[in-house]
Amino acid sequence: MYYDCIVVGSGHAGSCAALSAVEHGCKKVLLVDKCPQEWVGGNGYFTAGAHRIVHGGLKDLLPLVRNVSPDMAEKIDMEPYTAEQFRDDILRLGNGRPDPGMVDAVVGNSQEAVGWLSSKVDVPFILSFHRQAYEVDGRQKFWGGLVLSVEDGGKGLIAAHQRALGNTGVEVWFNSSLVRLLASNNSIEGAIIQKDGELIELSTRAVVLAAGGFEANPEMREKYLGSGWQKAKVRGTPYNTGDCLLIAREIGAKLTGDWEGCHSTAWDAQAPDSAGARDLTNQYTKSGYPLGVMVNVKGQRFVDEGEDYRNYTYAKFGRAILLQPEGIAFQVWDSKVLSSLRKEEYGDGVTEKIFSDTLEDLAERLAERGLQDKDRFIQTIQDFNDAVRSHEEEYPGQKADPSVKDGLSTESSKLSVQPPKSNWALSLDRSPFMAVKVTCGITFTFGGLAIDPQTAEVVSEATGRAIEGLFCTGEMVGGLFYSNYPGGSGLTSGAVFGRKAGYGAAKRGGHVQ
Numbered sequence: 001m002y003y004d005c006i007v008v009g010s011g012h013a014g015s016c017a018a019l020s021a022v023e024h025g026c027k028k029v030l031l032v033d034k035c036p037q038e039w040v041g042g043n044g045y046f047t048a049g050a051h052r053i054v055h056g057g058l059k060d061l062l063p064l065v066r067n068v069s070p071d072m073a074e075k076i077d078m079e080p081y082t083a084e085q086f087r088d089d090i091l092r093l094g095n096g097r098p099d100p101g102m103v104d105a106v107v108g109n110s111q112e113a114v115g116w117l118s119s120k121v122d123v124p125f126i127l128s129f130h131r132q133a134y135e136v137d138g139r140q141k142f143w144g145g146l147v148l149s150v151e152d153g154g155k156g157l158i159a160a161h162q163r164a165l166g167n168t169g170v171e172v173w174f175n176s177s178l179v180r181l182l183a184s185n186n187s188i189e190g191a192i193i194q195k196d197g198e199l200i201e202l203s204t205r206a207v208v209l210a211a212g213g214f215e216a217n218p219e220m221r222e223k224y225l226g227s228g229w230q231k232a233k234v235r236g237t238p239y240n241t242g243d244c245l246l247i248a249r250e251i252g253a254k255l256t257g258d259w260e261g262c263h264s265t266a267w268d269a270q271a272p273d274s275a276g277a278r279d280l281t282n283q284y285t286k287s288g289y290p291l292g293v294m295v296n297v298k299g300q301r302f303v304d305e306g307e308d309y310r311n312y313t314y315a316k317f318g319r320a321i322l323l324q325p326e327g328i329a330f331q332v333w334d335s336k337v338l339s340s341l342r343k344e345e346y347g348d349g350v351t352e353k354i355f356s357d358t359l360e361d362l363a364e365r366l367a368e369r370g371l372q373d374k375d376r377f378i379q380t381i382q383d384f385n386d387a388v389r390s391h392e393e394e395y396p397g398q399k400a401d402p403s404v405k406d407g408l409s410t411e412s413s414k415l416s417v418q419p420p421k422s423n424w425a426l427s428l429d430r431s432p433f434m435a436v437k438v439t440c441g442i443t444f445t446f447g448g449l450a451i452d453p454q455t456a457e458v459v460s461e462a463t464g465r466a467i468e469g470l471f472c473t474g475e476m477v478g479g480l481f482y483s484n485y486p487g488g489s490g491l492t493s494g495a496v497f498g499r500k501a502g503y504g505a506a507k508r509g510g511h512v513q
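Here the sequence shown stands for residues 1 to 513, where the numbers follow UniProt numbering.
Certain hints may be false.
[Said to hold, decoys possible] Cut-off 30 Å, straight-line C-alpha distance, at most; resulting in silico cross-link-like pairs (DSSO-like, lysine-lysine):
# : residue 1 : residue 2
1 : Lys316    : Lys374
2 : Lys374    : Lys141
3 : Lys223    : Lys254
4 : Lys507    : Lys120
5 : Lys120    : Lys28
By construction, these hints were calculated from the structure, which means they are not laboratory data.
Sequences are here, hints too, so could you generate the full structure?
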């Protein structure tokens with residue numbers, strides 16, 4: 001049986017590749033996924049749908065989005081996000097290690113890729129008021145360079161892909177695993193798929209690997225990420241177990257990137273262990289820490305909650321939590337900011353919220369949930385409050401503003417705490433107090449396959465040249481993210497390299513002149 005292109009993985013990146021292959025002339029495209037149909041969508045289903053792109057401000061985005069009326073547009077403050085800023089953000093958060101060619105490919109193609117998703121896939125984009133803007137003086141102020149999301153988040157994104165795949169006639173097999181790639185003379189000739197327990201040999205000139213990383217494989221997490229990572233909770237699909245990385249390696253694919261790094265975030269401690277929940281999906285994220293503090297079971301703070309905008313820190317703070325005693329922490333706020341916490345993450349029925357009218361009573365309640373040192377917890381909050389007030393006395397003109405790095409900190413000439421809180425430092429002194437118990441949720445791993453950033457072709461370890469007909473996109477790609485990443489970059493990368501892979505598959509089959 002012959003197919004012009006076989007795509008492995010039904011998530012956002014794989015769907016982009018399949019749709020791009022059809023767009024550029026492939027007649028017979030097969031998409032396979034080892035998951036059952038009810039788990040369609042890979043990790044993309046569990047996202048908030050955020051896409052980070054280069055844009056010149058609101059005027060560039062209004063044609064893409066569906067949730068802004070003319071009256072609303074008049075009340076929005078949004079700075080342009082330049083290619084230089086996007087590039088610098090990836091390199092800065094990756095400590096200078098990301099491959100410049102990979103970075104340039106994502107940044108340079110980001111706006112076009114989202115335009116394609118809107119026009120060709122009919123993805124329902126919206127401005128992310130609920131995640132990336134605060135109302136300040138009656139205006140919606142966006143922050144952190146990230147402004148685009150999708151209606152109904154990852155669920156809406158994958159639903160759009162499923163409709164488009166159906167409309168273009170892409171054949172889809174579930175319960176179907178890639179077992180082996182067939183190659184000769186550094187060139188793809190076919191693939192062996194296990195479908196419902198039966199081995200099927202297929203001929204093709206192009207395979208696109210889009211099957212995710214190894215985040216759902218406890219043994220590989222322990223091997224590559226380090227001791228203790230078997231305790232991390234899986235945020236998304238349980239089917240991303242690294243199989244295809246090893247299968248590609250069998251035919252000589254080059255591995256690259258940060259194999260000790262991953263996207264991990266503050267995650268509800270009561271969430272399931274080995275897979276995300278398809279009803280709540282991203283709602284288990286607990287990203288309200290910039291408005292409060294995080295303490296470990298010893299009652300001590302351990303990160304600078306105001307180091308940077310949330311979308312530049314949330315992907316690394318999961319690791320910080322995992323490294324704490326027992327691998328858990330408590331997020332704490334007072335009544336001044338409770339109304340600013342996002343309802344989808346902290347709403348009734350979404351998480352266990354622990355309330356109290358005094359810090360002493362809150363410590364007692366947290367002790368029932370794992371806090372080991374009540375006295376240290378109370379002292380930590382008191383020391384924090386003293387440092388905040390000392391800063392306020394020294395800089396009386398500063399104003400709290402969650403939409404900018406407001407400089408409200410715990411640092412002054414008279415007093416400081418370690419670690420500091422560099423922005424949005426408000427004293428916790430107004431009851432009621434609220435706390436939430438969190439742990440580490442792992443999203444995806446950063447190590448993956450080396451690809452040519454211009455074509456998305458997988459590179460051979462032996463020759464340094466492309467393995468003809470083998471492409472890769474999505475979370476299987478290595479060399480782009482190290483240690484940390486700017487929020488919304490993952491989905492954008494999947495679309496950019498997915499489109500390139502689909503085009504390459506069509507060209508390989510002689511459909512593109």
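Structure-based check of each hint:
{"no.": "1", "hint": "Lys316 to Lys374", "verdict": "holds, 27 Å"}
{"no.": "2", "hint": "Lys374 to Lys141", "verdict": "violated, 38 Å"}
{"no.": "3", "hint": "Lys223 to Lys254", "verdict": "holds, 19 Å"}
{"no.": "4", "hint": "Lys507 to Lys120", "verdict": "holds, 20 Å"}
{"no.": "5", "hint": "Lys120 to Lys28", "verdict": "holds, 19 Å"}
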